[in-house]
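Student: Given next are the chains, with one letter for each unit.
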Amino acid sequence: MRTPLHLVLAALLALAGPALAQQMPGETPQQPPQQTQGLSAGAPEVQGTAPETGAGRGGPNGVQPETSEPQAPTGGVRPAQPQATAPQAPVAVEEIRPNLPWTARGGIQAADLERQHDREGGVISGRVTIPNQSAGILIQPDGRDWRQFRNQVLKWAGLITLVGTIVVLAVFYGLKGATRIESGRSGRRVARYNAFERANHWMVAISFVALALTGLNITYGAYWLRPVIGPEAFTALTFYGQAIHHYIAWAFALGVLVMLAIWTRQNLPSRVDLAWLRAGGPLAKGHPPAGKFNAGQKGLFWLTTLGGIAISVSGLLIMVPGLLDDVILNQWAQIVHGVLAFAMIAVIFGHIYIGSIGMEGAFEAMRDGEVDYNWAREHHSVWLQEELENARRSVAPDNLPKRSRVAGAD
Amino acid sequence: MARLVFLCDSERCIECNACVTACKNEHEVPWGINRRRVVTINDGNPGERSISMACMHCTDAPCAAVCPVSCFYGTDDQLVLHDKDLCIGCGYCFYACPFGAPQYPRVGNFGGRGKMDKCTYCAGGPQQDSTPSEYAQYGSNRIAEGKLPLCAEMCSTKALLAGDGHIIAEIYRERVQRRGFGSGAWGWRTAYKETVAI
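As you go down the protein sequences, you meet chains A and B in turn.
Sequential numbering from 1 applies to the first sequence in the working numbering.
Sequential numbering from 1 applies to the second sequence in the working numbering.
Incorrect hints may have been included.
[As the list claims (entries may be wrong)] Cβ-Cβ distance ranges computed for the label pairs, FRET-style:
(1) Asp85/B <-> Trp224/A: 16 to 24 Å
(2) Asn151/A <-> Asp85/B: 40 to 48 Å
(3) Glu145/B <-> Tyr220/A: 36 to 44 Å
[Unchecked claim] Simulated crosslink set (DSBU-like; lysine-lysine; CA at most 30 Å straight-line):
(4) Lys24/B <-> Lys158/B
(5) Lys84/B <-> Lys155/A
(6) Lys147/B <-> Lys158/B
(7) Lys147/B <-> Lys193/B
(8) Lys155/A <-> Lys193/B
(9) Lys176/A <-> Lys285/A
(10) Lys24/B <-> Lys84/B
(11) Lys115/B <-> Lys155/A
[Unchecked claim] Some residues of chain A that are not near chain B, with every Cβ distance over 12 Å (derived):
(12) Ile96
(13) Val209
(14) Leu303
(15) Phe363
Quick caveat, the hints were computed from the structure, so don't treat them as lab data.
The beta-carbon is built from N, C-alpha and C at its ideal position, and this holds for glycine as well.
Construct the entire structure; sequences and hints are all you get.
Tutor: What follows is the structure, given as structure tokens:
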């Protein structure tokens, strides 16, 4: 029985053969004599003693070497007869017709398509093979409408709104003058806003003014400021103005949310507001009763908070264009932002007027947190009554059981 | 002076995107910015057309009209170029542009999009022609070398044409007459208020 070891030894011997032949040319080589016959001495002998290809590696090709681990031939056992296929019904196929020639296809006309989208709106879009899929919009005619809004509507309507508001307030002030405290200052003070309310109010106020100024610069600066200070200085101003706008917006948004949290309950509409409005609101003769906030202030509150949230959200969508990644929606966000901005600025003009020169005794409410008793009696009578009742109750509590005695009374 | 235009013959465009690649390579346009792109409309349907689109250098350019810092300027060849030193990256030109040409290096970050970048018609920027500072901001200035934009120059099917509007329109008209069909000059009605009569 031959083992693999035998095979290895045989192979080694076969390889050593040529080396021996080289070292001992005079001796009889071990190889069969027919391989060396007819060859000259030297190198050919080495060539001649080499085994034929395949012959020294286990015999002729196709013969498996003897092994202790025989492997099955690949492919498995073939069936004697190939499996028959079931007969299939013929499938009906449509006749394949060649495409119409280009000339007969009609096709689209660029100018017609553009004219149609010009009239009806909507983008002409397709597929792109770059990562930025929003670049698939080939032509968007909506940009023309947005340009019209920004360069004509917003510019002129905004200007008329702001100048008109200032004119109206000036005329009002000229005709009526400041609203005085009719019965004069009493010298007694009533607490109206605590420190937190005032701090939040001024945070919103300062950020609003900064946002308004930098925003107005975006809308009007190129017309008025740029020719005066020059392109480079104007770009620097607008660039940093834009940065201020982006950063301070967060303080504004936070302040608006805080306002909503602390003042909503006092700004819910009530029956008193209807009477206040029916009496003529801010133009009323005499002083119609009002709660802590009258109907006008409630309107201002809701415009500031709801409008503030809307303007913050729309601003965020413009500031972070990737949130929308859609040029049409970005245009709409800018339109909402611009309209709300001008509306709020105009209303805040009125607020600033009443809070400063328009009404005596109003500004100290947000400066000191306290107002004059007579001011409160005239402008917020219902609120003053509530405050007085609360004060009496806390000083002389009448909700205690009558039989009980105050501690230490004995 | 000439009125320089682009015209993409969409019957010839095979959407190989070589114009896009050539532009990016010629000007070393950073990743994420495409001054030129190829849009395929009606993809896979009858009437499929591929159109290579970049800044069309419009007459009465919307981008220049809405820019809050007026950073755009026009050249004698009626190209619409911009000064990156004046740009504040507000994004308004992108809202107004009918062709989506303005691109920004940063998208969705906090506090600015970065200086706008767009096709310059290979005409550089406001600096001295063919200077390193011009190249760094705007890419190469082939117009100053007397050459046309590379995208059109190397278009393998000669679908994308660049040059004087009258000459380009005449070439296109001749093509259409010879072969008998053509879908027109894409964007010309929007950009120049005119079309190529076929």
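Student: Now tell me, hint by hint, if it's right for this structure.
Tutor: Results of checking the hints against the structure:
1. Asp85/B <-> Trp224/A: 16 to 24 Å: holds, 22 Å
2. Asn151/A <-> Asp85/B: 40 to 48 Å: 24 Å Cβ-Cβ, so the 40 to 48 Å window is violated.
3. Glu145/B <-> Tyr220/A: 36 to 44 Å: Cβ of Glu145/B to Cβ of Tyr220/A: about 41 Å, so the range 36 to 44 Å holds.
4. Lys24/B <-> Lys158/B: holds, 19 Å
5. Lys84/B <-> Lys155/A: With a Cα-Cα distance of about 25 Å, the restraint between Lys84/B and Lys155/A holds, given a limit of 30 Å.
6. Lys147/B <-> Lys158/B: holds, 16 Å
7. Lys147/B <-> Lys193/B: It holds: about 27 Å lies between the C-alpha atoms, which stays within 30 Å.
8. Lys155/A <-> Lys193/B: holds, 26 Å
9. Lys176/A <-> Lys285/A: holds, 12 Å
10. Lys24/B <-> Lys84/B: The given pair, whose Cα atoms are some 18 Å apart, holds under the 30 Å limit.
11. Lys115/B <-> Lys155/A: Since the Cα atoms of Lys115/B and Lys155/A sit roughly 25 Å apart, the hinted pair holds (cutoff 30 Å).
12. Ile96: holds, 16 Å
13. Val209: holds, 20 Å
14. Leu303: Consistent with the label, Leu303/A stays out of reach of chain B, its closest Cβ about 26 Å off (over 12 Å).
15. Phe363: holds, 35 Å
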